[in-house]
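Chemist: Assembling the complex is the task here: the two chains are given apart, and the hints tell you how they should meet.
Residue numbers (full-length UniProt numbering), protein chains in the order written: chain C, 1 to 305; chain S, 1 to 457.
It is possible that some hints are incorrect.
Unchecked claim - Covered by chain C, according to a simulated footprint, are these stretches of chain S (three or more residues, beta-carbon under 8 angstroms):
| hint | region |
| --- | --- |
| 1 | 44-57 |
| 2 | 193-199 |
| 3 | 205-215 |
| 4 | 423-429 |
As the list claims (entries may be wrong) - Computed Cβ-Cβ distance ranges for the label pairs, DEER-style:
| hint | chain 1 | residue 1 | chain 2 | residue 2 | range |
| --- | --- | --- | --- | --- | --- |
| 5 | S | P200 | C | A39 | 55 to 61 angstroms |
| 6 | C | V122 | S | G201 | 51 to 57 angstroms |
| 7 | C | A132 | S | T406 | 21 to 27 angstroms |
Said to hold, decoys possible - Derived BS3-like pairs (lysine-lysine); straight-line CA-CA distance at most 27 angstroms:
| hint | chain 1 | residue 1 | chain 2 | residue 2 |
| --- | --- | --- | --- | --- |
| 8 | S | K54 | S | K359 |
| 9 | C | K139 | S | K193 |
| 10 | S | K301 | S | K183 |
| 11 | S | K194 | S | K169 |
| 12 | S | K387 | S | K115 |
| 13 | S | K252 | S | K314 |
| 14 | S | K387 | S | K359 |
| 15 | S | K380 | S | K314 |
| 16 | C | K139 | S | K280 |
| 17 | S | K115 | S | K193 |
| 18 | S | K252 | C | K139 |
| 19 | C | K139 | S | K314 |
No lab work stands behind these hints, which were simulated from the structure alone. Ideal placement from N, C-alpha and C gives every residue a C-beta, glycine not left out.
The chain contents come next:
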Amino acid sequence: MTTMTVKGSRRRDPGGFRRGLRRNLTAYGFLCGALICFAFFSWYPMVREIILSFQQTNFVDEPTWVGLDNFRTVIDDAAFADAWINTAAFTGLALVFGYVVPFAAAIILNELRHAKAYLRFVVYLPVMLPPAVGVLLFKWFYDPGPGLFNQILDLVNIPALSWLDSTDTALVSLVAVSTWMNMGTGTLIYLAALQSIPGELYEAAELDGAGLFKRIWHVTIPQTKLILLVMLLLQIVATMQVFIEPYLMTGGGPENATLTVAYLMYQYAFNFGDFGAGGALGLMLMVVLMVFSAFYLRISRDNQS
Amino acid sequence: MKPRNLSMLLAAGIVLTAAGCGSDSGAQKAADTKPGTAAADAPVTITVGCQPPKSNPLERAAWDEDVAAFQKLHPNITIESKDAFPCINPDTFQAKLAGGTMEDVFYVYFTDVQKIIAAGQAADISPYVSSVTRLGDLRPDVMSVFKSGDKTYGLPRTNYSTGLVYNRKLFAQAGLDPNSPPKTWAEVQEAAKKIAALGPGHVGFGEYSAGNTGGWHFTASLYGRGGEMVGPDGRTAAFNSPEGKAVLENLKKMRWTDNSMGAKQLLQWEDLMRMMGGGKLGMMIGAPDVVQSVNNDFKGKFDDYGVTALPEAKASLSGGDGYLFNPKATPEKIKAGLLWLEFHELTPDQGQFNYERNKGQGRPVGLPTPDLYGDTAPGKQIVETRKKFATVPVEHFAPYAEASTTIQNKIEPPRAQELYAILDVAMSAVLTRQDADIDKLLADAEAKANKVLAKSS
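Chain S on its own, in the form it takes in the complex (with noise of 0.2 angstroms):
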């Protein structure tokens, strides 16, 4: 074992970059700009995030069009766009605000953004979010993830509601018929059966049990069965319910009695990914941007694969991307924000949304994501262009878009990182141990999440 020390190393990434931070004092410049003082055009250059890597040419190219074209409307905005991939990387996002090179409009997945709010980390823009103008028709669901009280701390990019994702060719071989996806979990039972009799290799039906993402999974499966994961409060765990103990039950009659998970457990975001890439994998929990990540990172075909509603759902976790503002941000920037995430996020056939331009890049339109806007205007005229100007087979996943419309999006529980981890260990016991006690297990885990959410304030 080589000498390496983690506790060090943990402490080097917040000091080095808390070491060159002294330069970029965020507070010296919202003391010299004071709020309401500065001319309505004074220049303000922003630092925005997630611009797409140069890996991605044509997303890339999209995007810098579309940044000199909101800069020729507004001229005193300056945008200064920042790529990674992935946008946000837990393991850098702490030093990046320690260190003061956090984006002025930065990138965010909804799963951290009522933590990083908690946390004091993001720029309150209540003030000044009214600009927006099509605030109201944002779908409230969705701006509930960037509230807190009263409070708003920024505006979203993407929002999917959990599905089932299917591999229709699988479903041909397997005698199923992939245009009547499963629409129970007794169905999902037969079907996952079904596939995993294809041969040696062939998972029926696969899911997360470690890296918190197994957590992530049974909180989607819980809300789909109409559970709850914390009671009405916020600070006692409500999952140790019938709902939480039907998600272990049918996973752990899937892997034991029916056979149809496959070996392999423990598995985390990119193995079922990889897997349905693979062509072996019959079913997951999932929305349409994993057929899209399947298509781009993982080698598989837009074609064979389609997303259905989640079997008997009562309500979906909802999952997605935005962005928050920069806690020492200026009113300057975060106008000036505001203004560039509505250009580009927020309208119709303009930016994210400019669904001709996609067309003729090549890229695949036509996934019934994001949904920002549900049944309003808006949203209807995003739904208008892009079956106007669809490349992929959209019927796949009309089950999903129609579903979207009357299931309720529910939001992550609060502290969700910490019962996630906490409740890895329910899954992966059911997947891996033949004999795991689910009652006990879920007790287990209730005692412990009340401990972690006895402490939210």
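Looking at chain C on its own, in the form it has when it is part of the complex (with noise of 0.2 angstroms):
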């Protein structure tokens, strides 16, 4: 009732309105800014993709409308099938790695006593490394030949292993490419969670004869649960549009074993001159994705409320 009665009494007051917009213009000014750039690069591009998904178009005369040929067409392909195999292996596989790995990395930083500052700047270097660098390095990590990994496996005795030549261990080999070069963000995310915990909980735990394990069963992961929970939807949506990975690494094979999604994708638009099948499967990926954003966007209304 009384918002009702500011909000009546605001509208009876056209000078105070105006006081009031006089008052935001300039945060008024920088929104209007960040809407325009919104509303340019991303929602238009987004609409226009989803009309050139029904759209055959050579960009030169008047598009024609094919209704759902440009699915057909997407769905038809062999290697649709083998695109969204591969796109859920790589988010599962990334989720196993890069969900665990960053958070672990961010308990140890977190324990840590000394080094904290240098070791939190080893673990976001990667992060800084232009994806392509990044993705070349690995590249000759992997080489079946002089690689750095079977240089390492070597000397321990272990036979050579094919890394991206393989179809066994091609896709795991791209998800630890893409670990390494992304887990500096996440750590430092569950690392700022985990230091908003109280230390009085790890100490009243610790009083209670909780070791390590069970203070992170017991502490410290209820009290990190929200994060770890957009996290989780943040990486789904993230490593299920992979694409510089295949793109750089291995060309989507061998036998289209790290064919993605995003990547034959861009193999419809850019390769075969196919928009249309292109902005099809793209908006399949949307769809998708958008019932992941949909639960994020529902967990963060849910902790603000």
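Modeler: Now the structure itself:
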């Protein structure tokens, strides 16, 4: 009721509205810039992409509406199933590695007493590398001949692995690169969450005789539950769009073992010149990602309320 | 994983450029200048792609010199050169077209020509092309790349057919005679084994198997053995044949029995060039332009390489590049563009064939490419001048040059990139898996290719 009254009184007081507007003018100005940027660079392209997926166009003549033809084309493609399976597998593996590793790293960093700042920098360092550089570096690590990884295996008398050149290991190898390149960001976010946990909780747990793992299980994880959930969803949304690793490292091979939805979309649009089919594939991916994004928004909203 | 919304990026690329196209409406220009109404010498400005980039000052200077000379001859024509390296990028091609920033005369690889024509993204220049005086002398197989039905859409700049590039230095080190390169696949196998035996890191024969380049080289090998990629109607795959099987069996043997292809696979275009330039790769399928790239971009030396015919070649995959015309270009622009192309790309001793100047600039002269005219009068004239001003050891390329006069050139199959993507699977399987079942791989690829080809109009 109070709100209603306030709103009502504002409506009756145009001078007050104007004052409010004037007071917040700078803020609105900034907001406008952001909105225009979003509209121009994000929303409009998205709408265009949706339209494109129902059209056939050569960018010269007027596009023609083809209904669901583009969707049929991509679904009919033998590589379609491969791309989705690989994308799902990549996302799943990326969760196993990319979710657990940064969390564990954050816990370790949080427990450390010395060299904390230095190690935080070291962990974050790969994020600062341009992705192409990171990928090329790993290409050398994975080289089946003089590559670093096989040299290490050789030191401990383990036979060399084919890494990228085997259908068994190619996808996992890409996940490892992706994890390495991006774990810094996750680690810092987890670290911030860990540092917000009141120290008394740990002290109480310790007094109750809880060891390290019990403390993690009963204090750390419940206290960081929300951020873990949010990161899980963001991770899924981000990793499902994996493109640069297969594009630069394997070209989708061997035998389509690293062909992902985003890479197939690139093939359609840029190599086969079929933007409609590429758009259709992009729309499918977007719909799947929107489901996860909806969960993310729901959790964020619940948390705020 | 950082959020990278590729789907949006994809659309953004199109849309951003589309947003900028309003000001440059080709349709409007076409309406302004109705065919045949403008005076013959009315001022016309054309944009032309593939001016050498600033990072290549010698070639750029030569280009600019040629533009000035051409404009002196045709004072009504202004050439606006557009540089880019590489001259065409599949990522930006469609966006440039959508945004109206595509050059009036745009550069294109043979690989993409038919796709662009089929998509209606190139202008039909048939009514104007007869103005090119040497048109009748151009190799029919090369011109066929730029034709669809009875219509012509462009002109070539370079042409080459596929051969075998080899490292003469490694041949000598392995006890092989660099002046007697392999003529059969059995000889390639033997030579590859000897080169691989030179020590760790040495690869006898390198082959592509990723990013569609595997399928491209499968096609080159298949043509060489006399096979076909598609049936006569272009609607069914024809590579599941004894020749197709032989291509994969040969690779399988070299990779797994002979161990002469190195352990690292999934190689793409640049990888083999780098290996060649690094001096550890013995042989690869390629043309003289490979040697040029290895020399210019990958630290190899001209003297160390040679090119010969593809072993047992019955036909050869033809490659190269040329120019198409913007579908929105006016007739005046097309006519002016044809004059420029004839001046710069098609006239002996002039433009790209100005070997005397090229030699003076210290640029390599003597590679047996491009071959646009075959054995016709302008072709002979070009070969003659090239020999006169040669700066590279021409004898290293003699077997290739000799063979190219007799081996039939074959253009790429319809829906080339889609077929190449499908055949990457077979190529990568054979090169990465010892137990690869060649019959099954070819049958699977055939089924997939038939689906793609059935959609061809």
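Chemist: Which numbered hints does this structure break?
Modeler: Violated hints (numbers, rising): 1, 2, 6, 7, 12, 17 and 19; every other hint is consistent with the structure.
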